[in-house]
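Engineer: Take a look at the letters that make up each chain.
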Amino acid sequence: MNRNIKDTVVEGITGVSVLLIIFIIVSILAVTIVGGWSKLNWTFLSEFPKDGMTRGGIFPAIVGTAAMTLIMAIAAVPFGVITAIYLAEYASEKSIMAKTIRFAVKTLAVVPSIIFGLFGLGFFISFIGKNMDILLSGGELKWGQPNILWASLTMALLTLPVVIVSVEEAIKTIPREMREASLALGATKWQTIKNVVLPGSISGILTGTILAVSRGAGEVAPILFTGAAYFLSDLPKSLSDQFMSLGYHIYIMSTQSSDVDATLPIQFATTLVLLLLTFSLNAVAVTLRYRIRRRAK
Amino acid sequence: MLKYTIGFNKRKSEAQEKLVVFNQKKFRFSDWFAEKAIKGVAFLSIAVVILIFIFVFREAFPIFRMDKASTATNTEVLVQESYGGAETETGSSPVEDKQVDNSTVTATPTDRPSTTLLSNTWMPVSDNPRYGIWPLFLGTMKVTLIALLFAAPLSILAAIYTAMFAKPRIREIIKPVIELLAGFPSVVIGFFALMVMATVFQEMFGYASRLNGFVGGIAMGLAAIPIIYTLTEDALTAVPKTYTEASLGLGASRRQTAFSVVLPAAVPGIFAAIVLGIGRIFGETMIALMATGNAAMSSINPFDSVRTLSATIGAEMAEVVFGDTHYSVLFFIGSLLFIFTFALNALAEFYFKNMVIRRYQAKK
Numbered sequence: 001m002n003r004n005i006k007d008t009v010v011e012g013i014t015g016v017s018v019l020l021i022i023f024i025i026v027s028i029l030a031v032t033i034v035g036g037w038s039k040l041n042w043t044f045l046s047e048f049p050k051d052g053m054t055r056g057g058i059f060p061a062i063v064g065t066a067a068m069t070l071i072m073a074i075a076a077v078p079f080g081v082i083t084a085i086y087l088a089e090y091a092s093e094k095s096i097m098a099k100t101i102r103f104a105v106k107t108l109a110v111v112p113s114i115i116f117g118l119f120g121l122g123f124f125i126s127f128i129g130k131n132m133d134i135l136l137s138g139g140e141l142k143w144g145q146p147n148i149l150w151a152s153l154t155m156a157l158l159t160l161p162v163v164i165v166s167v168e169e170a171i172k173t174i175p176r177e178m179r180e181a182s183l184a185l186g187a188t189k190w191q192t193i194k195n196v197v198l199p200g201s202i203s204g205i206l207t208g209t210i211l212a213v214s215r216g217a218g219e220v221a222p223i224l225f226t227g228a229a230y231f232l233s234d235l236p237k238s239l240s241d242q243f244m245s246l247g248y249h250i251y252i253m254s255t256q257s258s259d260v261d262a263t264l265p266i267q268f269a270t271t272l273v274l275l276l277l278t279f280s281l282n283a284v285a286v287t288l289r290y291r292i293r294r295r296a297k
Numbered sequence: 298m299l300k301y302t303i304g305f306n307k308r309k310s311e312a313q314e315k316l317v318v319f320n321q322k323k324f325r326f327s328d329w330f331a332e333k334a335i336k337g338v339a340f341l342s343i344a345v346v347i348l349i350f351i352f353v354f355r356e357a358f359p360i361f362r363m364d365k366a367s368t369a370t371n372t373e374v375l376v377q378e379s380y381g382g383a384e385t386e387t388g389s390s391p392v393e394d395k396q397v398d399n400s401t402v403t404a405t406p407t408d409r410p411s412t413t414l415l416s417n418t419w420m421p422v423s424d425n426p427r428y429g430i431w432p433l434f435l436g437t438m439k440v441t442l443i444a445l446l447f448a449a450p451l452s453i454l455a456a457i458y459t460a461m462f463a464k465p466r467i468r469e470i471i472k473p474v475i476e477l478l479a480g481f482p483s484v485v486i487g488f489f490a491l492m493v494m495a496t497v498f499q500e501m502f503g504y505a506s507r508l509n510g511f512v513g514g515i516a517m518g519l520a521a522i523p524i525i526y527t528l529t530e531d532a533l534t535a536v537p538k539t540y541t542e543a544s545l546g547l548g549a550s551r552r553q554t555a556f557s558v559v560l561p562a563a564v565p566g567i568f569a570a571i572v573l574g575i576g577r578i579f580g581e582t583m584i585a586l587m588a589t590g591n592a593a594m595s596s597i598n599p600f601d602s603v604r605t606l607s608a609t610i611g612a613e614m615a616e617v618v619f620g621d622t623h624y625s626v627l628f629f630i631g632s633l634l635f636i637f638t639f640a641l642n643a644l645a646e647f648y649f650k651n652m653v654i655r656r657y658q659a660k661k
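Protein sequences appear in the order of chains A and B. 1 is the number of the first residue of the first sequence in the working numbering; add one for each residue after it. 298 is the number of the first residue of the second sequence in the working numbering; add one for each residue after it.
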């Protein structure tokens, strides 16, 4: 009897922990939706901020986030796919090179995002950018300052592990027999990869890209000082322009706005937009990944 | 598979030398090139880690060289820098008091930047700038501890429920829902902490400053929950089924099996989960910026305002002068964060993982 009661109580405690976590998740969602829903409409999405950010919409922040994640994906996806191909197809599990690459990728995944920001500042802006200025325009300041290109490349390094892991997982589900059939027909290893492995892992590449975009859209710390701007009256027109981003907008509005109460609905609505964006991207990625895993079985 | 093809070609070349050599060269070049190119690109990820090391340290290094020049540049620093943003808004009175104190006591700045690193005041903008990272370090530790005390038990218990007690169909729902939390951008969690948690906790506990280490710690714990939960769940399900079956077969209850058999067997994996969770909390920037209050005080009261290492970088980097001492000190803090998370990752990767492997291999 005593043991049964103890069992029920302990199992109950573990169940309550699950419920508590789910409660927190639901309340974050609920608070954001309730606070932002009334403000969320087409004008909010398609207008520039007005009257010192107290009215108007978030159009430039949406465009800025989209442009930044696009450049980021262009940089991170090929790099990530090739690394995943190397790890899955060429490297043997025990080679030192493969082990080191895996460790490097894991390190990239756990390094705090602010460190990527510092790296972007120290490497892209003050090393590459400054030297580009000296070489291209004789020292006139163009690339040696924060801009959308450096922010996107910094973000690309941060999201690289996401791409690598998804693509490698997808490559591993391609049956060995298909590779062997291709090799037996006289195709070389590279031809096999190009014609059998890559087409078979398209969904994995897509999953990785979507997850990376979702992660990149939400991160703020790496772009704090590599390119994000508080307010711009124009959309970014070239790679050397600064940009506005949803996450940075939320951060600035909620901590440094002069009139927090007046901008409160805007803050909630911006958070809701960011949350909807990352959520829908994640939902698509999870569905794709589920399909890949089913194929693996 | 590669070895297999090579061996095959070799045998062939012994039989029909010329033809095969010709063929090999013709189709092997693109193959050889592809392999080298792919290997080269893959190597870049190692290069990136090394570059991060080099460039974060490179910008931090001048602190130790600037010692001599510091006296000359001090007045300049004061004019050029503005200490705006979050600090002016949220900075509470104790810090301002200290600021006044110090400038009157030490009228002529003689302190060298590298020696002030270990001092007790973080006051980068003043007549006599002091870069004492001790209060920042203490603040980070305090917040990390609070976050861990909140997140670790909660996620481990939830993982035990998911892996041990839940019916398969319920598990299929719980897992993805909790992992949703990993998809919340940290700025969203920070916003939630700032807008909702800060108010609710203040009403509940009635402390003085609305944003403080406690609110920040709980919010950062939320960011660590999905990591600790997922890795713990993995560690628990990785324990061989035979353990569970043997224990249940001997008449132990599910609770006894979970806590006395499976949990102890999964301990190294759970440690690895906690270690990676610490890494996440330690480096978390946006939540710290938004929810901790950002005043650098050396106090151990959890309800005091706190400034963490990463939040300091995030708040001040945008306002420093390029190449200035303050700039280098921020990079120095970055190097510390980097070394720390790198070490934690290495610990989780090599030490705990080996423990897991040894444990199961020895008993199989």
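It is possible that some hints are incorrect.
The calculated lysine to aspartate or glutamate pairs, modelled on DMTMM-like cross-linking and capped at a C-alpha distance of 20 Å, are [said to hold, decoys possible]:
{"hint": "1", "chain 1": "A", "residue 1": "94", "chain 2": "B", "residue 2": "500"}
{"hint": "2", "chain 1": "A", "residue 1": "130", "chain 2": "A", "residue 2": "140"}
{"hint": "3", "chain 1": "B", "residue 1": "336", "chain 2": "A", "residue 2": "169"}
{"hint": "4", "chain 1": "B", "residue 1": "464", "chain 2": "A", "residue 2": "11"}
{"hint": "5", "chain 1": "A", "residue 1": "172", "chain 2": "A", "residue 2": "241"}
Don't read these hints as lab results, they were simulated from the structure.
Engineer: For every hint, state whether the structure bears it out.
Structural biologist: Status of the hints after comparison with the structure:
1. A:94 x B:500: violated (57 Å)
2. A:130 x A:140: With Cα atoms ~9 Å apart, residue 130 of chain A and residue 140 of chain A stay inside 20 Å; holds.
3. B:336 x A:169: Since the Cα atoms of residue 336 of chain B and residue 169 of chain A sit roughly 19 Å apart, the hinted pair holds (cutoff 20 Å).
4. B:464 x A:11: holds (13 Å)
5. A:172 x A:241: Cα-Cα ~41 Å, so violated.
In this structure, the hints that do not hold are numbers 1, 5, in rising order.
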